[in-house]
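Undergrad: Sequence:
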Amino acid sequence: MSDAQPALTDLRQLRTFMALAQDLSFTRTGARLHLTQQAVSSHIRALEAGLGVRLFRRTTRSVALTRAGALFEERMRPVLEAMDEAVVDAREADSLGGKILVIGHTESAGHGLLPRAAGLLENLSPELRPRTEQHTELSLRAAVTEGRVHLGVGLELTFGGNRIAGRALGREPWCAVVGSQHPLAGRDRVRAAELAGHEWLSWPRS
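75 is the number that full-length UniProt numbering gives to position 75 of the sequence shown; each next residue is one higher, with no gaps.
These are calculated hints, taken from the structure and not from any lab test. Yeah, the Cβ is synthetic: ideal placement off N, Cα and C, and Gly gets one too. Be careful, since some hints might not be right.
Cβ-Cβ distance ranges computed for the label pairs, FRET-style [stated by the list, open to error]:
no.: 1; residue 1: Gly-186; residue 2: Thr-145; range: 40 to 50 Å
no.: 2; residue 1: Arg-67; residue 2: Thr-132; range: 46 to 56 Å
no.: 3; residue 1: Pro-173; residue 2: Glu-199; range: 17 to 27 Å
no.: 4; residue 1: Arg-91; residue 2: Gly-119; range: 23 to 33 Å
no.: 5; residue 1: Pro-173; residue 2: Thr-59; range: 55 to 65 Å
no.: 6; residue 1: Leu-169; residue 2: Glu-74; range: 34 to 44 Å
no.: 7; residue 1: Ala-142; residue 2: Lys-99; range: 20 to 30 Å
Work the whole structure out from these sequences, hints included.
TA: Written out as structure tokens, the structure reads:
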């Protein structure tokens, strides 16, 4: 297997690969990217030669990802998404003098708190342009710790640890939903400790 890696100048080959991995049709991919089928095939052959692996199984009737191709598509998708975001950020930084605020948030924070805060931020600092990213609890904590977002908004338990400084912005009511025959049914209030010993479902943290 070759140790060669695709150069930055081969970005178009990567984008052609990602499109073909989704379409599984040289005709549809060519139409979407405004390329001829021959150009699509040429990009894929060049990428496979550079990587030293086959990415697709091709017959006269079908196109399918190989095992290596499926893994490559899975790993490259977030890389290209991050690259596209970096291009947007660079252009915004150039036009706004670098005044971009990247805000990471959990799903619940994105529904209520952030829309209200966005209007207030626009009034206080109209020159500042916020960009939001939705995360799970664990990925948001990692993004804040690693400096990939400037500000994280989520539940207090998301930001445990000494490397993150936080401030409470408010309280969010929680409710327990149970069946009519459940021992806790009919209660106006339920303490968290009373849920101990019961099987219950919550949102995923990862």
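Undergrad: Give a verdict on every hint.
TA: Right, here's what the structure says about each hint:
1. Gly-186 <-> Thr-145: 40 to 50 Å: With Cβ atoms ~43 Å apart, the hint holds.
2. Arg-67 <-> Thr-132: 46 to 56 Å: Violated: the Cβ-Cβ distance is about 36 Å, outside 46 to 56 Å.
3. Pro-173 <-> Glu-199: 17 to 27 Å: holds, 23 Å
4. Arg-91 <-> Gly-119: 23 to 33 Å: holds, 25 Å
5. Pro-173 <-> Thr-59: 55 to 65 Å: This hint holds: roughly 58 Å between Cβ atoms.
6. Leu-169 <-> Glu-74: 34 to 44 Å: holds, 36 Å
7. Ala-142 <-> Lys-99: 20 to 30 Å: holds, 25 Å
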